[in-house]
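Given the coordinates of chain C, work out where chain U should sit on it, guided by the hints.
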Amino acid sequence: MRASLFITCLADTLFPQTGQATVAVLERLGVQVDFPVEQTCCGQMHANTGYGHEVLGLVRRFVRVFGDAEVVVTPSGSCAAMVREGYERMAAEAGDEALASQVRALAPRVLELSELLVRRMGIEDVGASFHHRVTYHPTCHSLRLLKVGDAPVRLLRCVRGIDLVELPEAEQCCGFGGTFAVKNADTSTAMLTDKLRRILDTGADVCTAADSSCLMHIGGGLQRSRAGVRVMHLAEILASEDA
Amino acid sequence: MKGGFPAAAKASLADSQLRRNLGHATSTIRAKRARVVSEVADWEALREAGREIKERTLRHLDVHLERLEEAVTRAGGTVHWARDGAEACAVVAQVARAHGSEEVIKVKSLASDEIGLNEALERAGVHAVETDLAELIIQLGDHDSQSHILVPAIHRNRAEIAQLFRRTLGVEVSDEPSELTAAARAYLREKFLTVKVGVSGANFAVAETGHVVVVESEGNGRMCTTLPEALVSVVGIEKVLPRFADLAVMLQLLPRSSTAERMNPYTSIWSGVSEGDGPREFHLVLLDGGRTDVLADEIGRAALRCIRCSACLNVCPVYERTGGHAYESIYPGPIGAILTPQLRGLDQAPTLPWASSLCGACYEVCPVKIDIPSILVHLRGRVVRETGAEGLGERAAMGAMARVFASRRAYEAAQRMAKLGRGPLAGAALRPWTRSRELPAVPAQTFREWWKERSR
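Chains as they are written, first to last, in the working numbering: chain C, 1 to 243; chain U, 1 to 456.
Note that these hints are calculated values from the structure, not bench results. Please note that the accuracy of each hint is not assured.
[Unchecked claim] Some residues of chain C that are not near chain U, with every Cβ distance over 12 Å (derived): (1) M1; (2) H53; (3) E97; (4) A98; (5) A100; (6) L106; (7) P108; (8) I123; (9) G178; (10) D205; (11) V206; (12) E241.
[Claimed, not checked] Here's a subset of chain U near chain C, in silico, CB distances under 10 Å, partners left out: (13) K10; (14) A45; (15) L193; (16) K196.
Computed from a prediction, not measured in an experiment: that's the story for all the values here. Don't be surprised by glycine CBs; every beta carbon is placed ideally from N, CA and C.
This is chain U alone, in the form it adopts within the complex:
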């Protein structure tokens, strides 16, 4: 949307149903997360371990990726290196074609959404069937799109979903969750049993052993990764972990941070192919898609530690009110505000680093300790220095104020001017402020004038 986040947010803020759905969903999951995290005595040590593993891995990413390739190949899989989304999509389309399949079944995968896989496959004559319940809801809706990393249909309530199912699946359902899931299950079961190619992402990929890990709640992921003839996993290069033992840390951090569960219902771990068990073909597509560029930024690169838990979305006071669509990216919320501009290029999303009040709630809950507020500030600086997005008016005002604060005499002169409603320290230019808030009156005497008078 033209106008970026502020304009898109304004539209979302006006949607009272959305505000209600989001407020309810985020406050529920916030409370649940706080409860299950408080059960873990060494949570802070776990976070620190998670941070350390990810940081160390990113430092030698090339080495770990090559080890991963070796291990997967040894286990009978095929590894593809994709520079960008187009290359990754082409691999998936090619596998589908090789199996004569006009459909693929998909496990919920952010990487695939990031690169527009479904649309690319559609253009190649292959229909991707989303099998995660919320993803299915999004796919069935007209022009709907994901608004949360983990709960992509968080902006919909069950009454809206029942209506959607009646209309698109032609089934008679009430808005009881059990009826809704039964309807989805009946539709999906047939797909699981007939479609020949499965597509997934991965939460983790282990360099040491070649294991790929998918963490999920509904069992659809287990179906997609075991039933088809061929499986393609599209995985961002930052998902690699050096050792199998590293999973011991990550699989504790992720469920409590994401679904607020002690343990997630399904964890699928496989390596390559096994004779007589599961897919006969396994392809691992390692996606760069801008990640190498992110690595080049010493401060911004910490965003690549993200394990996509979405805890930062659920605690963010901005996200809670605007919802995910305002971020215009598959990665919304605080993590999206630092990830999207880095993956796409700062000039493609220059307003996102400002989509935060820097309250710091995100950093507090991040299981791998990404200091999101500091990265936001860093990216704001880069936007100002490297793009023209912030406009000349702001630059001039900031420059004038910097000069005022650079000298005591200029500062005291500006304070005197402010009493007359003029100069760089007067609030006259703050129209967006005064639309909803009063500005304080400028008092007759500044503090320093009072101090001087008193000291006489």
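Here chain C stands alone, though its shape is the one from the complex:
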């Protein structure tokens, strides 16, 4: 299988280790990974903040860059959902039927990492080892838009040495919500505080998720409160191996 990596602007710029881990896991499983360098951002931040009309070009760019890919894989449930759920609506609202049909043709080939591994490739054990207590936060868009279900948990359960503990009220939003975290910073912080309390209650030393953005939020809160608990992207745990 040949997979084109859609890294997301956030991971590209701020969390390169997530991208490296994604490549490592896929290559370990024999997937041929390529990285189309013309990609930039999917446009979700603009679209969800009310500026979708300014980034229709990014929809066209995505279709141009990834249109011929066998499979597009991304370490972000939210950005995958933007392409799969949001793009067609944006194209339709702009009255560009040709673009909408291109999006329809591409969208089913855009997969979040755990979807690709579990649902498409049928692999749960990726040969990882990780000797820590870990709790998993299902991010809203991976859960409710992509409906990845328990795919990430299935992958984590197969990791050797892992002590996977359940996060109470896991399905409640961490309060990130893109520009919501800034425009409604107080409400966002109240949501984050409750999420952090539940993470700390598990006694985990690592909180993991399938989205760098939510992890940036949770991690930013953990770091500010000097909690001594870190966040790691799902891909990074799956890439970990015994030395």
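Positioned in the frame of chain C, the structure of chain U alone reads:
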């Protein structure tokens, strides 16, 4: 409040008693709803049927409303068309006057609160007595207002309510729920038996037969709709259903979604007037109040499918923390965030479409499948394009970032600038973020730089 939702939310978030009351109430009802919904094997099919009925009705709303008018008139009722709240309030005041009544008894009704009926009646010399327990609590309180569609006094706990009753009704009560309801019952019973005019809203109105339907839990609605000489029902035009059989779907969806009950205790269904039984006069006021404008928005109009169950409030992580008052509308929570700006005009509530993290929990539970997150995004776009509410600074920043993402070279240049803490991709402008959260350090090497190096 100046500053809209963010400012109002900040005030609510600081109220620790409110946070505790809300957290307890919403988590209890969330769990109960999940339990009773899971009992229904074909719940998803029911939701789809509910969506379909409402969507189809809204497409030909004019036709269904005229059929409703005909049917109600045939059954001996009088139909009034109200363009706005003022016209609707005037009809109610006129009926009260015609019966020489200085009081009306009211069934809990959101439409009446939306148009400020109680205040309008007060100005016309008519006192409206709320007979729903929670509405009564709100009415007795000083400057209190509803904070939930279904449980309007959700922000009060029973200790606070006992104190309120002791002070305003002059009764000695403990905070035992049975004592509190007994005190309210004694007060209300006299009103039911003496007041000549009743006022209600409606959950549904059936075009085919002219039936009006009120769904409730306390029996006060049954009293108000049967005991007075005259009954006025103020009903939003989106409440019409084409066929009586449509109730079979709606009356399954509503109780489980709202009170988390398999069936609600009281369902009152009547059409027009019946000789020797119930009110001798029935008036149906069909309220537009901005709804026709909402219909004009092809995406936003789905908000009119709402059956006011409040399931979206109970699952919303924003509502759970801010409570209803922060939305500054009788319609709070996710549904309020899409309904209020559309009913009042976007420039009147421009911050509400952003009062959501777009987590999608609301859409998941909505019994008529209103895709609230998508409508929020759509309304955000309309606020940006049609009002100046979002400010020039944000527009400039968004424009700069759009230009960066439009070209690979500009994007890679901005990434290099970000390492120096500068440019459109640097987080320097994110002060509201850093008040409670650290920003990640910008790494020395971007992913694409690593990829390029590796491929060499």
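Hints and how they fare:
1. M1: Non-interface label on M1 (chain C) holds, nearest chain U Cβ at 19 Å vs cutoff 12 Å.
2. H53: violated, 7 Å
3. E97: holds, 16 Å
4. A98: Holds, because the least Cβ-Cβ distance between A98 (chain C) and chain U comes to about 20 Å, which exceeds 12 Å.
5. A100: holds, 15 Å
6. L106: holds, 19 Å
7. P108: holds, 20 Å
8. I123: At roughly 24 Å from the nearest Cβ of chain U, I123 (chain C) sits farther out than 12 Å, so the non-interface label holds.
9. G178: Violated, since 7 Å does not exceed 12 Å.
10. D205: holds, 18 Å
11. V206: holds, 16 Å
12. E241: holds, 18 Å
13. K10: holds, 5 Å
14. A45: The hint is violated - A45 (chain U) has no Cβ within 10 Å of chain C, the shortest such distance being about 18 Å.
15. L193: violated, 46 Å
16. K196: K196 (chain U) check fails; min Cβ-Cβ to chain C is 46 Å, beyond 10 Å.
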